[in-house]
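Position chain E relative to chain L; hints supplied.
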Amino acid sequence: MKVLTANRLTDGEAVWYANGGWAEIIDHADVAHDKAAEDRLEAIGATAYANNEVVDINLIDVTVANGVVEPVRLREKIRAAGPTNRSDLGKQARPVAARAA
Amino acid sequence: MYRYDEFDHDFVQARVAEFSDQVTRRLAGEITEDQFRPLRLMNGVYLQLHAYMLRIAVPYGTLNSKQLRMLGHIARKYDKGYGHFTTRQNIQFNWPALSDIPAILADLASVEMHAIQTSGNCIRNVTADHFAGAAADEVADPRPYAEILRQWSSVHPEFSFLPRKFKIAVTGAERDRAAIQTHDIGLHLKKNAAGELGFAVYVGGGQGRTPMIAKKIRDFLPEADLLSYCTAILRVYNLYGRRDNKYKARVKILVHETGVEEITRQVEAEWQELKDADLKLPEADIRAIDAYFAPPALTDRPEGDEAVKLARLDSKSFSEWLDQNVVTHRHPDYAAVTISLKGIGEAPGDASDSQMEAVADLAEKYAFDELRVSHEQNLILPHVARADLKAVYDALVDIGLATANSNLISDIISCPGLDYCALATARSIPVAQEISLRFASLERQREIGELKLKISGCINACGHHHVGHIGILGVEKKGAELYQVTLGGSADENTSVGEIIGRGFSSAEITDAIEQIVETYLGLRLDRNEKFIDAYRRVGPAPFKEALYAGEAKAA
Chain L
3 MKVLTANRLT
13 DGEAVWYANG
23 GWAEIIDHAD
33 VAHDKAAEDR
43 LEAIGATAYA
53 NNEVVDINLI
63 DVTVANGVVE
73 PVRLREKIRA
83 AGPTNRSDLG
93 KQARPVAARA
103 A
Chain E
357 MYRYDEFDHD
367 FVQARVAEFS
377 DQVTRRLAGE
387 ITEDQFRPLR
397 LMNGVYLQLH
407 AYMLRIAVPY
417 GTLNSKQLRM
427 LGHIARKYDK
437 GYGHFTTRQN
447 IQFNWPALSD
457 IPAILADLAS
467 VEMHAIQTSG
477 NCIRNVTADH
487 FAGAAADEVA
497 DPRPYAEILR
507 QWSSVHPEFS
517 FLPRKFKIAV
527 TGAERDRAAI
537 QTHDIGLHLK
547 KNAAGELGFA
557 VYVGGGQGRT
567 PMIAKKIRDF
577 LPEADLLSYC
587 TAILRVYNLY
597 GRRDNKYKAR
607 VKILVHETGV
617 EEITRQVEAE
627 WQELKDADLK
637 LPEADIRAID
647 AYFAPPALTD
657 RPEGDEAVKL
667 ARLDSKSFSE
677 WLDQNVVTHR
687 HPDYAAVTIS
697 LKGIGEAPGD
707 ASDSQMEAVA
717 DLAEKYAFDE
727 LRVSHEQNLI
737 LPHVARADLK
747 AVYDALVDIG
757 LATANSNLIS
767 DIISCPGLDY
777 CALATARSIP
787 VAQEISLRFA
797 SLERQREIGE
807 LKLKISGCIN
817 ACGHHHVGHI
827 GILGVEKKGA
837 ELYQVTLGGS
847 ADENTSVGEI
857 IGRGFSSAEI
867 TDAIEQIVET
877 YLGLRLDRNE
887 KFIDAYRRVG
897 PAPFKEALYA
907 GEAKAA
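Going down the list, the sequences are from chains L and E. The working numbering applies: residue 3 is where the first sequence begins, and numbers increase by one. The working numbering applies: residue 357 is where the second sequence begins, and numbers increase by one.
No lab work stands behind these hints, which were simulated from the structure alone. One or more of the hints may lead you astray.
What the hints assert, rightly or not - If you want the footprint, here are the derived chain L segments under chain E, 3+ residues with CB under 8 Å: (1) 24–30; (2) 36–47; (3) 69–77; (4) 84–94.
To be verified - So these bits of chain L aren't anywhere near chain E, every CB distance computed over 10 Å: (5) M3; (6) A20; (7) V33; (8) N53; (9) L61; (10) V66; (11) I80; (12) P97.
Said to hold, decoys possible - Pair ranges (Cβ atoms, derived): (13) E:F363 with L:A25: 41 to 51 Å; (14) L:V66 with E:A462: 39 to 49 Å; (15) E:E871 with L:R42: 44 to 54 Å; (16) E:T388 with L:D90: 27 to 37 Å; (17) L:V74 with E:L395: 27 to 37 Å; (18) E:E530 with L:E44: 31 to 41 Å; (19) L:A38 with E:T388: 23 to 33 Å; (20) E:G385 with L:A67: 31 to 41 Å; (21) E:V511 with L:E44: 32 to 42 Å; (22) L:V74 with E:P578: 58 to 68 Å; (23) L:V74 with E:D868: 44 to 54 Å; (24) E:E617 with L:E40: 50 to 60 Å.
Bear in mind that the values here come from a model prediction, so they are computed numbers and not experimental data. Backbone N, C-alpha and C define an ideal beta-carbon position, used for all residues, glycine too.
Extracted from the complex, chain L is given alone in its bound form (with noise of 0.2 Å):
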């Protein structure tokens, strides 16, 4: 399972694609479950790119539970996240309430 993932261009925000848009949080990313999804999302990041929305595009492997898309790998969990040694920054240090929005 793949989910989409950049960069903001104006602040260099992380960003995933979900329904039809760029969201702050991974949670509910849009996840492809197979190659023509993949090829989907890639389709997507390359023209978001081209329009300048976004910068750095990459398919990254996920595992969904309980609903919510969890990055495979520690980098991609510390993106999603925020730095490991610091709660109060990054997506992690948002009210519960504001990452569900």
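Just chain E now, with coordinates in the frame of chain L:
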């Protein structure tokens, strides 16, 4: 310290305007990322895991109060309230928006700072001994030469697209605190028998995936020949350095593959063509730059001895800080103070906005407005009257920066690692924090004595693990973090590259392994005066291997 002249101001302002325009055009979609990327890198803007990162040059690690205050301001206004001081005496901000970077650069320019050449395959910030101008053992202040090199290398047309990045370090003392033998060019400022100033020139040092100790190619280069000789080295490198393989492109590989004799011959031959031409430094020009670095007028403050003696009796913690973080100054009434950015359990090199501002205030009040950033990721007040040490200490206690651990095991060099860096393969900061907490007792740290522990989160070795007495390299293996330990490295005048001691350790095991190494050392040292590195050089790796792995061999 150096002050910008009209040319410098115009140059930096013009660059701010140029890059601001480039950012505007990028945000408007007029230029692509492929076009923009090399432009942003030339201006210190990287893209990391969570955001952009801005690396700002601190030339040869020297700052004044106004500049540090500005860094605090930038941390607060544009970032998340802190900055990270690096192993190249620079500072990095981890969270700036691209759209804010023009404003940040304009703020920096207002205090004579910039981010030019903090990335890219060019000559990077020239680093120097952090005690330059203050050290009792110094022949002369190396910073004027670092400044001359800065002026020469800034947007040097011939050396802006080298095979790979290029780092120069300068020291003015026999005791090398600038790690010159781990640099592409290392310069040791010294005097010859006639009392003239010049340099021993080292070439081809470096860390990364292929650590190499620089080779001395000249024992004494007259100061007037500094630029012509460096030009000759860069020309040979630019011509013959490998551009086909990024991992073999540094000058260390060229020196290694060509051989020191042949490379010396090539450099000398090139230099013969250059030495008597327009790169020869006129005496008056050297002295003019020297004048910028004239030491502050240090008035005698003989009351310091008595003041320090009394304060020592009064406060054990002050006394310990004095022993650990305060070093001898060339003026007997003064001292150089290391402000540790390695609080127990803290991220090495990080300072908050308010800490930066408070330290700037201290420098203004007690240290002639001068500050240094050390490559060991601490701040330095180079000139403090001994009579004022207690006041400085008390102020540092108030802002949480009085940890008395300079050169002890918790004074850890660490790269940002996987918590921030897009290149990293494992985390560094949490490992540093856990080791620091394990050895939290300063009494225990002092019992262990001088021990330089350095951690990198990938093979690029920004955390200088190769030259740590104990080095830790974090890698990714089978999806998990694995930490390799090297022992016996050193980055001083007796530079050595550490040896891998054996199989790596998981993040859960690494702190225990370090403690085991330290306990082994304590058990075998001849006495308290035998430092870790000396003991290791005497006994070699065997006792440490035995302590770490003997159980496994038997089990197997």
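Here is how each hint holds up against the structure:
| no. | hint | verdict |
| --- | --- | --- |
| 1 | 24–30 | violated (count 0) |
| 2 | 36–47 | violated (count 0) |
| 3 | 69–77 | holds (count 4) |
| 4 | 84–94 | holds (count 7) |
| 5 | M3 | holds (16 Å) |
| 6 | A20 | holds (18 Å) |
| 7 | V33 | holds (20 Å) |
| 8 | N53 | violated (7 Å) |
| 9 | L61 | holds (16 Å) |
| 10 | V66 | holds (18 Å) |
| 11 | I80 | violated (6 Å) |
| 12 | P97 | holds (17 Å) |
| 13 | E:F363 with L:A25: 41 to 51 Å | holds (49 Å) |
| 14 | L:V66 with E:A462: 39 to 49 Å | holds (46 Å) |
| 15 | E:E871 with L:R42: 44 to 54 Å | holds (52 Å) |
| 16 | E:T388 with L:D90: 27 to 37 Å | holds (36 Å) |
| 17 | L:V74 with E:L395: 27 to 37 Å | holds (34 Å) |
| 18 | E:E530 with L:E44: 31 to 41 Å | violated (59 Å) |
| 19 | L:A38 with E:T388: 23 to 33 Å | holds (28 Å) |
| 20 | E:G385 with L:A67: 31 to 41 Å | holds (38 Å) |
| 21 | E:V511 with L:E44: 32 to 42 Å | holds (39 Å) |
| 22 | L:V74 with E:P578: 58 to 68 Å | holds (60 Å) |
| 23 | L:V74 with E:D868: 44 to 54 Å | violated (28 Å) |
| 24 | E:E617 with L:E40: 50 to 60 Å | holds (55 Å) |
Violated hints, listed in ascending order, are 1, 2, 8, 11, 18, 23; each of the other numbered hints is respected by the structure.
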